[in-house]
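Enquirer: For the record, the sequence lines run as chains A and B.
Residues in the first sequence are numbered from 1 upward in steps of one, following UniProt numbering.
Residues in the second sequence are numbered from 1 upward in steps of one, following UniProt numbering.
FYI, nobody ran anything at the bench for these hints, they're computed from the structure.
A portion of the hints provided could be inaccurate.
[Claimed, not checked] A few chain A residues facing chain B, derived, Cβ under 10 Å: (1) E5; (2) K18; (3) D102; (4) A149; (5) T151; (6) E153; (7) K154; (8) L155; (9) V156; (10) G168; (11) P169; (12) V204.
[What the hints assert, rightly or not] Counterexamples of contact, computed for chain B against chain A with all Cβ distances above 10 Å: (13) S7; (14) A13; (15) E74; (16) D102; (17) T125; (18) E160; (19) P169; (20) L177; (21) G185; (22) R186; (23) D189; (24) E197; (25) S200; (26) A201.
Note that CB positions come from ideal geometry on N, CA and C, so glycine has one too.
Protein chains: 2
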Amino acid sequence: MRVSELSVESGVAIATIKYYLREGLLHQGRQIAATRAEYDDSHLRRLRLIRALLEVGRLPVAAIKKVIEAVDDESLSVHLMLGTAQYALGPTIEPEPGEEWDTARGQVDTLIAELGWDVSPEAPTRDELTQTVVRMGQLGMSTDLMVYARTAEKLVAEAEMDTVPFDGPREAAVEALVLGTVLYGRAFDALRRLAHESESARRVGGSAREVPSGSDRAG
Amino acid sequence: MRVSELSVESGVAIATIKYYLREGLLHQGRQIAATRAEYDDSHLRRLRLIRALLEVGRLPVAAIKKVIEAVDDESLSVHLMLGTAQYALGPTIEPEPGEEWDTARGQVDTLIAELGWDVSPEAPTRDELTQTVVRMGQLGMSTDLMVYARTAEKLVAEAEMDTVPFDGPREAAVEALVLGTVLYGRAFDALRRLAHESESARRVGGSAREVPSGSDRAG
């Protein structure tokens, strides 16, 4: 198909497609004339992935480039390719050296070891969790995360990973992982707050049929 | 205690305390001389709550005011007070009228009814979940959220709500809810991504002992 058809099919503006081509996010089409290139399904699939990373994953273009490089590097296992995308989705954490940090980091490493999880010692997600544990400690909250870890483990093993097509095109696996991580994460977060409201009503017997004062939103 | 002692005890700068007093976020101390007011534990507790809402909840001052009003309004049940804080923590969602929105909203309402949850029909969290369901549908993802809902329900009923001191000072209950919602939410999100990595290693057999290309972070 021509670039105009690719634009219609993908819903991505021609100018944006040309920007992705210049940036190397989208591979060039097959040149069939001096001023005309031919695009195919692989371009459509790639555009879907770029939009997922950009609009749902909210990744900056530099991070998207790294993910695309991992998708294109066929020597990289599917596991490492997915890891590149997964790590890019997390916030960038600067470890804060000191005793407090080291204690929290030790706690995180012990938790992962006790669970028997196969997680890289270099995974930035360990730092991310460490930072949250430090903050919890400072605020006097319990840092025992075993029940959360077991809950996450069950959810991921029994439901989440089944939505990732490990045997399909590499783009499709990354796209499913990114969309699933972000959107099911967002859904779970809202469901958790809905469950809080319901459980609070059950425990303290307040009616959930009234609108709390200060809420001026329409339902 | 004097304002200088309140500052030392709370770790909040005097200028900031005076700002909270002017904004009405912090109640005035007992005036014991023309230029001297006396503060007590209630001020310390309030400052802790303000910091939790500001630094962990990332709420704007206007939203913090609404939460504080709900804490101060003793005629408001603990359930409705917590609801005010909980609703303030969610993003502000503008419903997008149309068939797509109505279908997704119907799905959310049906899910909550099937679960038997006691959630206000006006809860903005319903809109929040609706928006995520709309996005999932547009992206061709499964919008069956029952397994996520059951997981959230179990976590909240068996662990989370136990950390909220319903019988203590009103500030303490709100503080625990806000800190727990945000920080355990953040921890769960990181744990879920760690479980993804581990489950991916198990399913496709990649070694998690290598660092994915594109990661330049130290562990």
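Enquirer: Taking the numbered hints from earlier one at a time, note which ones the structure violates and give those numbers from smallest to largest.
Expert: 1, 2, 3, 10, 11, 17, 18, 20, 21, 22, 23, 24, 25 and 26
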